Amino acid sequence: MIPPRRSLRQLTGPAVVLGVLLACTATLAGALHVREIRVRGCQRFPAQEVENVLRTALGTPTVAARPDRLRGAVLAVPWVADAHVTVSLDGIVTCAVEERTPVAVAEDSGLRQLLDAEGRLLGPASYDAPPLRL
Numbered sequence: 429m430i431p432p433r434r435s436l437r438q439l440t441g442p443a444v445v446l447g448v449l450l451a452c453t454a455t456l457a458g459a460l461h462v463r464e465i466r467v468r469g470c471q472r473f474p475a476q477e478v479e480n481v482l483r484t485a486l487g488t489p490t491v492a493a494r495p496d497r498l499r500g501a502v503l504a505v506p507w508v509a510d511a512h513v514t515v516s517l518d519g520i521v522t523c524a525v526e527e528r529t530p531v532a533v534a535e536d537s538g539l540r541q542l543l544d545a546e547g548r549l550l551g552p553a554s555y556d557a558p559p560l561r562l
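Yeah, the sequence shown ends on 562 if you go by this note's numbering, and it's all consecutive.
Keep in mind the hints are simulated off the structure, nothing from the lab. A couple of the hints might just be wrong.
Each pair of labels, with its calculated beta carbon distance range [unchecked claim]:
id, residue 1, residue 2, range
1, L449, H512, 32 to 40 Å
2, E526, T440, 54 to 62 Å
3, L517, T440, 30 to 38 Å
4, R463, A532, 27 to 35 Å
5, P552, L503, 52 to 60 Å
6, R548, E464, 28 to 36 Å
7, S537, S516, 40 to 48 Å
8, A532, A475, 40 to 48 Å
9, A475, V448, 19 to 27 Å
10, V448, L486, 38 to 46 Å
Treat the numbers as computed from the prediction; the structure is a model and nothing was measured. Positions of the beta carbon are idealized from the N, C-alpha and C atoms, including for glycine.
Produce the entire structure from the sequences given, and follow the hints as far as they go.
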């Protein structure tokens with residue numbers, strides 16, 4: 429027994445639906461990528477340092493951008509004590525930074541560095557702060 433042939437009209441309807449679904453998928457796939465980075469909480473150092481670390485997420489699908497991995501990268505910035513990173517479906521990575529507090533200036537071979545309470549080097553100190561001689 430030979431199956432009946434479908435008419436062109438019967439094939440057009442499903443083909444149109446499939447075409448619309450493919451177009452919607454392509455549009456949404458482009459919209460669901462990380463496209464913007466927002467950093468807040470940086471007072472003692474430039475937010476650009478955190479933005480540079482988070483820039484690796486730009487262009488990746490939002491579902492593939494892992495906040496815990498991005499947070500780990502942000503915590504490697506010397507001035508950052510803690511960070512909260514979120515990735516929204518509309519493509520925005522938001523990072524709230526808690527800064528370390530400098531408590532001393534150490535001088536070694538003429539290089540002056542800020543230190544926090546845990547003894548971590550934060551970065552260069554201005555020359556108007558009194559040094560802690562080691």
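If you check the beta carbons of E526 and T440, does the distance land in 54 to 62 Å?
holds (60 Å)
Taking the Cβ atom of R548 and the Cβ atom of E464, is their distance within the range 28 to 36 Å?
The hinted range 28 to 36 Å holds for R548 and E464, with Cβ atoms some 30 Å apart.
Supplied distance hint 32 to 40 Å, evaluated on CB atoms of L449 and H512:
holds (37 Å)
Verify the CB-CB distance for A532 and A475 against the hinted window 40 to 48 Å.
violated (24 Å)
With 27 to 35 Å as the target window, see if R463 and A532 comply at their CB atoms.
violated (41 Å)
Is 52 to 60 Å right for how far apart the beta carbons of P552 and L503 are?
With Cβ atoms ~21 Å apart, the hint is violated.
Take a look at whether the Cβ-Cβ distance between A475 and V448 falls inside 19 to 27 Å.
The hinted range 19 to 27 Å is violated for A475 and V448, with Cβ atoms some 42 Å apart.
Does 38 to 46 Å hold as the CB distance between V448 and L486, or does it fail?
With Cβ atoms ~30 Å apart, the hint is violated.
Could you see if the CB distance from L517 to T440 stays within 30 to 38 Å?
holds (34 Å)
Return holds or violated for the Cβ distance of S537 and S516 against the range 40 to 48 Å.
holds (46 Å)
In this structure, the earlier hints numbered 4, 5, 8, 9, 10 are contradicted, and the remaining ones agree with it.
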